[in-house]
Every structure is written in structure tokens, then in C-alpha cells.
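One-letter residues, chain by chain:
Protein chains: 2
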Amino acid sequence: MKQILLSHGGGGEETQKLIKELFFKHFSNPILEKMEDAAVFETNSKLAFTTDSFTVSPIFFKGGNIGKLAIAGTVNDISMMGARPKYLSCSFIIEEGLPFEDLERIVSSMAQEMKKSGVHIITGDTKVVPKGSADRIFINTTGIGEIVYEGISAHNIQEGDIIITSGTIGDHGACIMAQREEIDMEGELQSDCETLWPLVEALIKENITIKAMRDPTRGGLSAVLNEWAEQSNIGIEIEEENIPVKDEVQGLCELLGLEPYTLANEGKLIIAVPQEEAEKTLSIMKNHPLGKDAQIIGKAVSDYTGKVILKSPYGSKRIMEPPAGELLPRIC
Amino acid sequence: MKQILLSHGGGGEETQKLIKELFFKHFSNPILEKMEDAAVFETNSKLAFTTDSFTVSPIFFKGGNIGKLAIAGTVNDISMMGARPKYLSCSFIIEEGLPFEDLERIVSSMAQEMKKSGVHIITGDTKVVPKGSADRIFINTTGIGEIVYEGISAHNIQEGDIIITSGTIGDHGACIMAQREEIDMEGELQSDCETLWPLVEALIKENITIKAMRDPTRGGLSAVLNEWAEQSNIGIEIEEENIPVKDEVQGLCELLGLEPYTLANEGKLIIAVPQEEAEKTLSIMKNHPLGKDAQIIGKAVSDYTGKVILKSPYGSKRIMEPPAGELLPRIC
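As you go down the protein sequences, you meet chains A and B in turn.
Anchor point for the first sequence: position 216 equals 216 in the UniProt record's numbering, and the numbering is continuous, going up by one each time.
Anchor point for the second sequence: position 34 equals 34 in the UniProt record's numbering, and the numbering is continuous, going up by one each time.
No lab work stands behind these hints, which were simulated from the structure alone.
Among the clues, some could well be false.
Note that the list lumps identical chains together, so a pair holds whenever it fits in one copy or between two copies.
No more than 27 angstroms apart at the CA atoms, straight line, and that leaves these computed lysine-lysine pairs for DSSO-like [what the hints assert, rightly or not]:
1. LYS46 - LYS34
2. LYS2 - LYS62
3. LYS131 - LYS292
4. LYS34 - LYS299
5. LYS46 - LYS17
6. LYS280 - LYS25
7. LYS46 - LYS307
8. LYS20 - LYS307
9. LYS2 - LYS116
10. LYS307 - LYS17
11. LYS20 - LYS280
12. LYS116 - LYS311
13. LYS34 - LYS307
14. LYS292 - LYS62
15. LYS299 - LYS317
16. LYS86 - LYS34
Here the structure is a predicted model, which is why all the values come from computation and not from measurement.
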């Protein structure tokens, strides 16, 4: 098996062979191996349910690949609802001719990434399409989590609540853009693609009041904050110099005339907490490997309802516009 | 909005507009409209969980389109586990330039098809990829059902159990093949694409003992029966003349040198029941619009362990081989 062939997606013997020899080898668990039309599980919890199709290009990038991203991305969406990631479905659309070696590398990264949250793939699907009908590989993961912390919502934010980022902004978007445009930033740019559940779990265990929480993926920090301002019907004031941005990300942004706030992140979370819990939240984050660069970046205010305001160190203010137009496609 | 643009998948304002003006218009329900990172629902049932990515080409075909298929296909997989379809996720990968009108036609079919089982889309994702990176549109649906009948399994079949098909075999595969090859069968060929839950519910309500049940999609009847024979470690003997095949499907098969048993179906189920319940099962099916062409096609036997045997009306026997090789790609 050197390349993926159409027959691997036909539903016949070759598909069975691919499932058993590759997917079961890496994803093995008792529910998956039953191989019925659907996986069966029991729960007595309220559940979170989310889906994402990953079409990132290139499929291998610094700091990860489409497989790692497909696990971390969906696990993070579940985590952002205060839910412990439990089960995933996984569906591959593969372009005929993909080297088997590439697929195995992707699948093996997925298995690796799942260990970080304890999530399991329990049902799957594989389609192979003729050359030119897809670009290499697309992966859909759909996830189910058991809600352990209730009430997180974009509608919850009130005047005085503090906005914190778990780390630097724009890393994933900058990395993909640089690699696609073949801009050499001395190899420093790397995706932040990472499973965030352990950090979320730490915040929940320490009884932090989580008002709103999001991972700023497509549309970046700007998309999250603008959605919060609109849905909570509040203003959000951000101290521009407090937003952590890596030098190499800033450099790329200056080179291309971009703002880091609209670039995608794949291993960061933005959280809104009551003012009195802000320092404790920050300290939990800074003591966790996933939050070592955490920063308080702003607060909810009663002015500027529905808007996000960027304050410069010199006191000037401008609106952080919601992202619009042709953002970089195939970022995730 | 005449065509789908890259910006519709960027996660910014245009994506929000597409979600609100198209998806919410057709898929509207309270959970979906919360627009959080994940949908939240409660259940105290055992759940069935299944995923499928649909890549069918052409995307519009006689008897359906990729949207109708994406709902019916996943709802059917849930139903085959004895589960009532409850929730779906839906993820679109759209090639830039798809006419908005086509997308709306697809989305509207999906909404229509969901009414047949009462399932709801409660979470979704939209990616738009540049021209040439995908072929028009791919749809992933992942479904959750509440199990109302337990114990259906490919491992359950015993000697004497009767095998019944809910209707004619090969319609979907033949339709797609004819349309793709531009073979004109006088317009008679039509996909059987259909939501099967109402028929399954009727069988459960009438207390039929369902030993095994599958919808014979990719790999057709042959894939299902061979899997059952292998997993239940039993022989399956099929009376060839009792397999219902439409004249136009038979005609296409003869023209192309195919067997209808390996062609995909998208609105049929194969069921194994105890001998004493076979006539009752058949009668329930024949009285239901989804099973009017139902037929008893064979039985489980102690000979030929792990094999499927086709008996001709003249008494001769041959093996029904499991499907292998390059089956028609992009059939579903």
C-alpha cells in the first residue's frame, strides 16, 4: 500500500483492509472495533456537540499537520463549552494518490493528540475521490463532550468583566501564511496548534467563574471580541500594548500589511471573568504550560455598546473592526 | 449573493451572513440559533453516533441530490442501530464559485428530508476552498440517535433466520452510473435515496425481533450479506430469482457487465429476522410505502460458513463474492 487508491474508499475489501490496518492500529478502542453502522455509548450528562471540517493547506506545517489540527480544533470547541471531550467521529475525504506514508503520519498525529484530552474516535468514514476532485486530504471531526461547567455563553459579559488571553495572538495564521507564500522568517514562525482541554480543566478545578470563553480560530481575536460585544450588548476596551504578539508574527504582519488580531489561532483561548477573579485566573494560566504567556488585555465597559475599542499606549482609541472580506482561505 | 465566494468561509461577516440568511432560514431550531462553539442537549438514553461525508457526483441526480442524500444517509445509519434520529451536525466544504442557487436548492432539500424523521441540525461548519481544490460541494453529516431497540448486530444471525430486503436492489448506483456515463435508459432510472426511519419505527412498534439490519449502500447487497456471513460465522443462501431488481437496473447491468448486488442503494434496508416472524415482517413492510416491493430473499444456513451462496432457479449455486476493486467512486 504505497498510495491511496479509489478502491480504498469503495466500501469493499480494500476499504476494510485500510480500516483494520491503519485506522484501528492507531485509533483502537472497543466501541470503534465493533464496526456497526453507528457507535453506541451511554451517558447521563448534558452533552456538547460540535463539528469542523479541516481543509488546511499545506497539510504539514511547522508545529503540526492537518491531523493534529483536526483533533485539537474539535476538542477545543467542546472544551470552550465547559465540556470534557469524550467521543469523536472522524471522516476522511482523500484525493486518490495521497502517499500512504502521509496518511499514516496524519493518523498517528491524531492518535497522539487525542491522548492529551482522553477523547476517542468511535466512528468513522473514508471516501476517496479521483485526482483533481479534492486537494490531498480533508478531515471532518465531530465531537461530543460531557458538560462539567455550565453557563458559559457569549451573551454573559457584563460591565467590569476582565478579558484575558491564554497566550500570544496570530501564531497559526502567520505560520500558514508564511509557509504558503514561502516567506522565510528564519524558521521562527510556528503554529500554536494544541489541545486546550487541560488548561480549561485547571480553570474549572480552581472554581473560576467563566462568563464567556472562545478559541480565536478563523477571524482571530477580532472575531471573538466583536461577537461578544454584539451578543452581550456591551463595549469591550482593549489595551493594545497588552496583547501578546510574537516578534516574528508582528514582523510578518508588518511585511504584509496585516493586523495580528484577525489571524487564526489554534491553541489559545480568550476568557471573560469577573473582575475579582482576574488575577487568580491569570496566575492559574501562567502556571500552566498552555498559558505561560497569558495576559489581561482589556475589560467590558458600558460605553461603545456592541463595539471593540483598541486603546494605544498614548491614549488614542480606534475601533477593532470585525474581520471581513477574503480572509486567508484553508487556514484550518 | 450569486455565487459562493472564499469570504463566505472566512469566519467573518460574510460567513455570518450566509449562516443567518441561508442556513438558519432552512434549518431553524432553538439549539442551532444559540450559535455557541458547540450545541448543547440533554438525554437519558443510550446513544448511537455515526458519520458520513458525501462526495456524490453529479450533485443533482434523478430522485435526489447531495443534500437529500446527506440527510437520508446518516439518518439511515442511525436507524439501522434501532435508534430514533435526534440530532445532526452538518459541515459543508464548498468550492468557490458554486452558484448560490444550487446551494439553496441543496439546503432546502436537506430541510425537507429532515422532516421525515424529525431530526434537527444543531451545529454546523462551512469551509469554502479555492477553485480546483474540491469538486463543487462535499457535505459531512454526523448524527446522534436515541436507541429505542437494543441488540441489533451483524454478529447475531443464526441458522434458520430469514433475510428480507425492503425493496428493489441497485437503484441508486445504477442511476448515478447512468447519469455519469450519459447513458439514456429512457429516463426510467431513479435513485431510491430516502429516509428509512419510518419503516424501521413501524417494525419496532410491531415488536419484530430484529437480529441484524443494514442499509446496503457502498458495496451493495453483496457487502452487507458477506459481512453478516463472516461476522455471524454462518452461511447465507440467497434465492437469486427472489431478489427484486428493476428492469431498467437489470438492463444497465447487462449493458455494462455488472451485477446489481454490488450497486449502492440509498433507501433500502436488509433485515434478518427469526423464521417464525418472517411473514409478519414482510407484511408490515409491504403495507408501508417504504417497503412495498419487499421480498424474502434467503436464509441463514449451517453450511458454507462465512460465505454467501446464490441459488439459481435451476438449482445451480455460485458464491456471491464480496465487492472488491475499483467500485464506482463518488457514489455517495
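Output the numbers, in ascending order, of every earlier hint that fails for this structure.
-> 3, 5, 6, 7, 9, 11, 12
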